[in-house]
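Q: Fit chain B to the given chain Z structure using the hints.
Here are the chains, one letter per residue:
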Amino acid sequence: MTTKEQFRPEDHPNDSFLLTTVVGSYPKPKWLNRAKELYQDPDHEFDAEDWQEAKDDAARLITDEHERAGLDVVVDGEMRRTEMVEFFAHRIEGYEFNGPVKVWGHNYFDKPSVVSEVEYDENWLVDEYEFTAAASDRPVKVPITGPYTLANWSFNEAYEDDEELAYDLADLVNEEIEKLVDAGARYIQIDEPALATTPDDHAIVGECLERIVADIPEEVRIGLHVCYGDYSRIYPEILEFPVDEFDLELANGDYEQLDVFKDPEFTKDLALGVCDAHVAEVESVEQIEENIKKGLEVVPPEQLVVSPDCGVKLLPREVAYGKMANMVEAARNVEEDIDAGNIDVERGAPAPADD
Amino acid sequence: MENIKHWYSLAVRTMTEYVSTTPGLFPLPDWAKDDLSDLKGHQKGDLIGGDEGEEITAAYEEAREEVIAAQEDAGLDRVVEGQLRWDDMLAHPLAVHDAVDTQGIVRYYDNNNFYRDPVVQGELDFSGDVASELESASELTEGDALQAVLPGPYSLADLATDEHYGDEADFLAAIADFLAGEVEAFPAHETLFLLEPSLIENAPEDGVDERASEAIDTVASATDADVVVQPYWGALEEKVYAHLLDADIDAVGFDFVANQEENVYNLQEYGATDAVSLGLADGQNTLVEDPEAIRDRVDWVYDQIPVTEFETVYLTTNTETFYLPYGKFEEKLAVLAEAADLAEVKAA
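Protein chains in written order, with my numbering: chain Z, 45 to 399; chain B, 119 to 466.
So here's chain Z without its partners, still in its complex pose (with noise of 0.2 Å):
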């Protein structure tokens, strides 16, 4: 049995299960961002508890947001965090910040600067998990960025190289989760971007990972998110990583690259992504069936999740919805197609070599 089936809900109504979920982030409501200004604002009376309430309120309304389209694991949305690099390395000892820095015409990051060997501090996302596995009776997921792309991403002072860095890292990763599966977590998902950047540096995150899940209980479902690359550079070597899931953007390619995970044959969960993240239209249910049934030519239904391509927060947040809430609607009516033998399931053989 793989680790996918323990999210099956009670009342699922189909045999087959194609989990739906998310990547992570999603829209902000505006107020949120309102209520960070007048926080920030040193004249303003609205205090930490304020602000901390505000996150609070968000990260309910989101995790309700999720349940209401019918995903089967849901998250927060992220709503406590700020960029994926910045959030993290606030909470790690031996970074600090020297102010924003260019990634694309007037879009700047803090992006932070490692100055000593890196140290576990305060937690960083047990509080968020707690809260979020409070406010829904759905199985969280936590995603958490990979320490490849903590590392990739900084400046580095302190260390001889990135990789000596990322496995620093890697190990506090690791410290992370076991407090997060200690709280209950059993779904987490590392986000590795910066390998789309570097895709020779596949075996560095293949040690990270090793470090990350080193005595974590096999029933944790480990997911590795990676997106915006060439993924023939990565497959198949990224088999041999000890993680359960893969979760890949293929419908912003219109599943261009999904050939590259034919052959060889795809061994672990393939969590597909089936709504592009960087278009602000709604795809029609249709539309999404058909996504999902290319995910079938790679993986059996017991190997398919579906999700959006990446993190939706740049899209308006009633486009984000009507995302997620046809993605479900299509993941139930393919599982029922599935279910009705309607669907060729039988995973195309890969096309003989030529010798």
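Keep in mind that the hints were calculated from the coordinates and are not lab data. Check the hints yourself; a few may be wrong.
Derived BS3-like pairs: lysine-lysine, alpha-carbon spacing no greater than 25 Å straight-line [said to hold, decoys possible]:
{"no.": "1", "chain 1": "Z", "residue 1": "K72", "chain 2": "B", "residue 2": "K158"}
{"no.": "2", "chain 1": "B", "residue 1": "K158", "chain 2": "Z", "residue 2": "K357"}
{"no.": "3", "chain 1": "Z", "residue 1": "K80", "chain 2": "B", "residue 2": "K151"}
{"no.": "4", "chain 1": "B", "residue 1": "K446", "chain 2": "B", "residue 2": "K151"}
{"no.": "5", "chain 1": "B", "residue 1": "K162", "chain 2": "Z", "residue 2": "K72"}
{"no.": "6", "chain 1": "Z", "residue 1": "K80", "chain 2": "Z", "residue 2": "K357"}
{"no.": "7", "chain 1": "Z", "residue 1": "K357", "chain 2": "Z", "residue 2": "K74"}
{"no.": "8", "chain 1": "Z", "residue 1": "K74", "chain 2": "B", "residue 2": "K151"}
{"no.": "9", "chain 1": "B", "residue 1": "K151", "chain 2": "B", "residue 2": "K162"}
{"no.": "10", "chain 1": "Z", "residue 1": "K80", "chain 2": "B", "residue 2": "K357"}
{"no.": "11", "chain 1": "Z", "residue 1": "K72", "chain 2": "B", "residue 2": "K151"}
{"no.": "12", "chain 1": "Z", "residue 1": "K312", "chain 2": "Z", "residue 2": "K338"}
{"no.": "13", "chain 1": "B", "residue 1": "K446", "chain 2": "Z", "residue 2": "K357"}
{"no.": "14", "chain 1": "B", "residue 1": "K158", "chain 2": "Z", "residue 2": "K74"}
{"no.": "15", "chain 1": "Z", "residue 1": "K357", "chain 2": "Z", "residue 2": "K72"}
{"no.": "16", "chain 1": "Z", "residue 1": "K337", "chain 2": "Z", "residue 2": "K312"}
{"no.": "17", "chain 1": "Z", "residue 1": "K338", "chain 2": "Z", "residue 2": "K306"}
{"no.": "18", "chain 1": "Z", "residue 1": "K357", "chain 2": "B", "residue 2": "K151"}
{"no.": "19", "chain 1": "B", "residue 1": "K162", "chain 2": "Z", "residue 2": "K74"}
{"no.": "20", "chain 1": "Z", "residue 1": "K357", "chain 2": "Z", "residue 2": "K306"}
A: Coordinates of chain B only, in the frame set by chain Z:
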């Protein structure tokens, strides 16, 4: 006669000029990041088009004044305009061209940075965009030696997509002619830096390496200023380096931050131009080097190679500096200026 030659060579040795400079493409001061993102927006269509209105122009003018003052305060020997408007980094001269359509957002080399793919759809005639920036800068530099900065033709062609010329060689030649035309319109400048990271990151194949060198020659011939060709993110393949030495340029740059061994090898095996540019401070890391350490690295380079003197040694960051937070960028400027002073003292 022998004696005279000997004394002459000693005199030259003591006369190596150390010139502190940068490859330009600075980070915006933090206030300008805020103001300009409010004025321009955050989306693809909001990036610079070369036809910006009064308010945006005014913000850039104020930021330009600030970075020129920062270079003067630091005591750099060359002052650049700062290229603060270059939203698309080295692709900027094409991104603002009328015959170019800026399309999808693509990755800028192996960095977590992105630019708009400039798709060339017509004849690359004269633009004057960079010349007008330099005019504004030269009004501010108060006699300090102005340094112009451009992408080298090979890198600019590599960053762009051609839908007009149809042939790789014709496209490269057209880009070179375009850049040469731009340079001819520049106000007086002491030095021209041509940034050529693609020569390393996407090294030209046999035959193309020679054409890359000819293209550089075309651009370099358009100015009387000293021309420095600065490749970075590693070392040139030896054939590419050998061809580059054939171009009529004054200095080749070496990225000693990213790669020491192969850069030294090229210097040992093929020699060098009379001037060199040494990328010794890291343009992509907030760790601020000691000026003494930079000076020691200059000595280290000298120790590795048979040539004992260069006419001019440019001391610079290895890459552009827009990767850095503004405060760290300013600190790097001061380090370079001080390192050049230290090297000069020691040499004399």
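Q: Against this structure, judge whether each hint is valid.
A: Okay, the hints, checked on the actual structure:
1. The hinted pair formed by K72 of chain Z and K158 of chain B meets the criterion: a straight-line CA distance of about 23 Å does not exceed 25 Å.
2. As the CA atoms of K158 of chain B and K357 of chain Z are separated by approximately 21 Å, the hinted pair is consistent with the 25 Å bound.
3. A C-alpha spacing of about 20 Å is found between K80 of chain Z and K151 of chain B, which places the hinted pair at or below 25 Å, so the restraint holds.
4. The straight-line distance between the Cα atoms of K446 of chain B and K151 of chain B is roughly 16 Å, inside the 25 Å bound, and the hint therefore holds.
5. Taken as a hint, the K162 of chain B and K72 of chain Z pair is honoured in the structure, with Cα atoms around 22 Å apart against an allowance of 25 Å.
6. For the given pair, K80 of chain Z sits about 17 Å from K357 of chain Z by alpha-carbon distance, which is consistent with the 25 Å threshold.
7. Of the pairs offered as hints, the one joining K357 of chain Z and K74 of chain Z holds, with about 12 Å between alpha carbons and a cut-off of 25 Å not exceeded.
8. At most 25 Å may separate the alpha-carbon atoms for a hinted pair to count; K74 of chain Z and K151 of chain B meet this at roughly 23 Å.
9. In summary, the hint linking K151 of chain B to K162 of chain B is supported, as the alpha carbons are separated by about 16 Å, within the 25 Å threshold.
10. Of the supplied pair hints, the one linking K80 of chain Z and K357 of chain B is violated, its CA atoms being roughly 56 Å apart against a limit of 25 Å.
11. For the hint linking K72 of chain Z to K151 of chain B, the alpha-carbon distance of about 23 Å falls within 25 Å, and the restraint holds.
12. Distance hint between K312 of chain Z and K338 of chain Z is fulfilled; the C-alpha atoms sit about 16 Å from each other, no more than 25 Å.
13. Of the supplied pair hints, the one linking K446 of chain B and K357 of chain Z is violated, its CA atoms being roughly 31 Å apart against a limit of 25 Å.
14. Taken as a hint, the K158 of chain B and K74 of chain Z pair is honoured in the structure, with Cα atoms around 21 Å apart against an allowance of 25 Å.
15. Of the pairs offered as hints, the one joining K357 of chain Z and K72 of chain Z holds, with about 7 Å between alpha carbons and a cut-off of 25 Å not exceeded.
16. Simply put, K337 of chain Z and K312 of chain Z have alpha-carbon atoms about 17 Å apart, close enough for the 25 Å limit, and the pair holds.
17. For the hint linking K338 of chain Z to K306 of chain Z, the alpha-carbon distance of about 11 Å falls within 25 Å, and the restraint holds.
18. At most 25 Å may separate the alpha-carbon atoms for a hinted pair to count; K357 of chain Z and K151 of chain B meet this at roughly 22 Å.
19. Straight-line distance between C-alpha atoms of K162 of chain B and K74 of chain Z comes to about 22 Å, which keeps the hinted pair within the 25 Å bound.
20. For the hint pairing K357 of chain Z with K306 of chain Z, the CA-to-CA distance comes to about 31 Å; that exceeds 25 Å, so the pair is violated.
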